[in-house]
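Engineer: Below are the chains, spelled out letter by letter.
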Amino acid sequence: MSTLVERERHLLDFAVASLARRPTKNLGLTLVYALVVFLLGSVMLFGSAVRREAAAILADAPEIVAQNMVMGRHELATGADLDALKGLRGVRRVEPRLWGYLWDSAGAANYTLMVPSPTDGAHAVAAGESIVGEAVARARKLTVGKPFFLVSPTGKFLRTRVKAVLSDASALVSADLVLVDEASFRTFFGLPADRWTDFALTITNPREVSTVSEKASVKLPGYRFVTRADIHRTNEALFSWREGLALALFASSLLAFVILAFDKASGLSAEERREIGILKAIGWETSDVLRMKLWEGVVISLTAFLLGLLAAWVHVSAFSAGLFEPVLKGWSTLYPQFALSPRIDALEIATLALMTVVPYTAATVVPIWKTAVTDPDTVMR
Amino acid sequence: MIELTGITKVYDENRPNRVEAVAGVDLTISDRAMTVLEGPSGSGKTTLLTIIGCLARPTSGRVRLDGEIVSGLPERFLTEVRRRTFGFVFQRFNLIRGMTALDNVMLPAFPLGIPHARLKERAMELLTHFGVAERAGLTVEMLSGGEAQRVAIARALVNDPEIVIADEPTASLDGARVEQFLAIAADLKAQGRTVIVTSHDPRITRAAIVDRRVAMADGRLVEASP
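Line by line, the protein sequences are chains W and A. Residues 23 to 403 (my numbering) make up the first sequence, in order. Residues 67 to 292 (my numbering) make up the second sequence, in order.
Only chain W is shown next, with the shape it has when bound in the complex (with noise of 0.2 Å):
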């Protein structure tokens, strides 16, 4: 056991000392192949870190929201509609909710608009206030204390102060949320008393969701019920999708990478073909030259790949992945900035090494074998 050990260590030392003798050569291999894998990785550890970041927010979202349709279309919810809902068996309380979409010329960009729940004291707006999200802040440079307009579609003009900014942790859904109060929000959208944008259901029993979702549906046939989970899932697809989308663009790269991998690995110098031979002549099966070749493969890639999931969670983390942003957060005018926080999962981790470390092997193998079978004797012609 000891002597096979003793063996791969003498193995990789020359493959290591091998490496260190034709270091440009390498060094741009291994510059190349970090470089692939920083690219996957960087799409990989933010597609799964948005997820999960949303997946958090979700979290203290309503189990149902009811919305009412009408051609298909979202229509606004009505008093008599909130008065069926709440009699219904199963649902603890039914909050109505007020939010529209708002395009701001000034900011170039959209709002969302919102009336807090009156339960959220933590978010309450009183006349002439409003709370800004992140990005709403960052587009119109406001801070606490500063007066904030807003004009409507038609022309009417809403007058806040900013009470507060919301902060980076939720800025995922809150980037570009303007929360103000009931009174103005019905002034500026010129909204009736009885009608809310949709209906935000709490559940006695959160495993009655369904159940309830479907005894819902059959009082008001012509509401759509979405559940916390039936959102969760649309979320999953649409970051899977972008993810897939950026993965597939970069399928390119890994493919350049490949075929570069195989030419450098078939194409050895003079230099590097005498040096097998020698060592078949004194003595090295070939098999001990395939090993220590695999050893230099190992250590190629194992070096270009710690180095690229180094530099992808750098990229992720610390600038979020700024170099795919509009591509892979969506193509709001109003970027959410926040810290992503990308977790080590050990088949995020598998996967990609098995994008980037499987095809780099299957392109050097054969090049490899091909030079380890060098006839020992053509070192003495």
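Just so you know, these hints were derived from the structure itself, not from any lab. There may be inaccurate statements among the hints.
As the list claims (entries may be wrong) - Facing chain W, from chain A, some residues (calculated, C-beta under 8 Å): (1) Thr116; (2) Thr145; (3) Pro268.
Just so you know, even glycine gets a beta-carbon here, dropped at the ideal spot from N, CA and C.
Chain A: place on chain W using the hints.
Structural biologist: Only chain A this time, still in chain W's reference frame:
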């Protein structure tokens, strides 16, 4: 004892550039003696040496080593025979550039899995024996021709082979170094090793320590002293 029977070696067979490097050689090489294969360039002596040293297989004919036929052995076993039995000193020494003299000497023993400390000790003993211990840590590009040859001889001996094969060992050395090589060859013979050398240098072929001279021309034996 090495016995060669009907050895031929043809390169690029069935091609217009076909070359018959060795043609029907029968030869017996005794143990613990120094044998020199002499002849002009292109006479086939190096090719014959590669066949004797199990570096190449003959196109036809048999090589027996201590009575065992080795020419038909599978590659793996042939390598094992080569590693255990032969030590090679190549014409241009063929040390691996960028590595130290010490590492070059240790190289043939790497696949054997000998503990590093023991292997290093053995390599240093050899370098000391050949007077180049103080050059052990230098890369081989820093060595003179004579030093490089002594490092190459140390490398050939690290696995303690019975037979040492040297191909044109003095081709790139001056007169003083030729004498030094002959002294080393005499030392190897005194240790009970078989020494086989190719050379067309009369200072080697006519040296007193040579036990047998085998002359070659056009791939054939033309003269063999008893």
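Engineer: None of the hints should be skipped; say for each whether it holds.
Structural biologist: Outcome of the hint check:
Because the smallest distance between the Cβ of Thr116 of chain A and any Cβ of chain W comes to about 4 Å, under 8 Å, the interface hint for this residue holds. Annotation: Thr145 of chain A was flagged as interfacial toward chain W, and the flag holds, the nearest CB pair being 5 Å apart, inside 8 Å. Because the smallest distance between the Cβ of Pro268 of chain A and any Cβ of chain W comes to about 23 Å, over 8 Å, the interface hint for this residue is violated.
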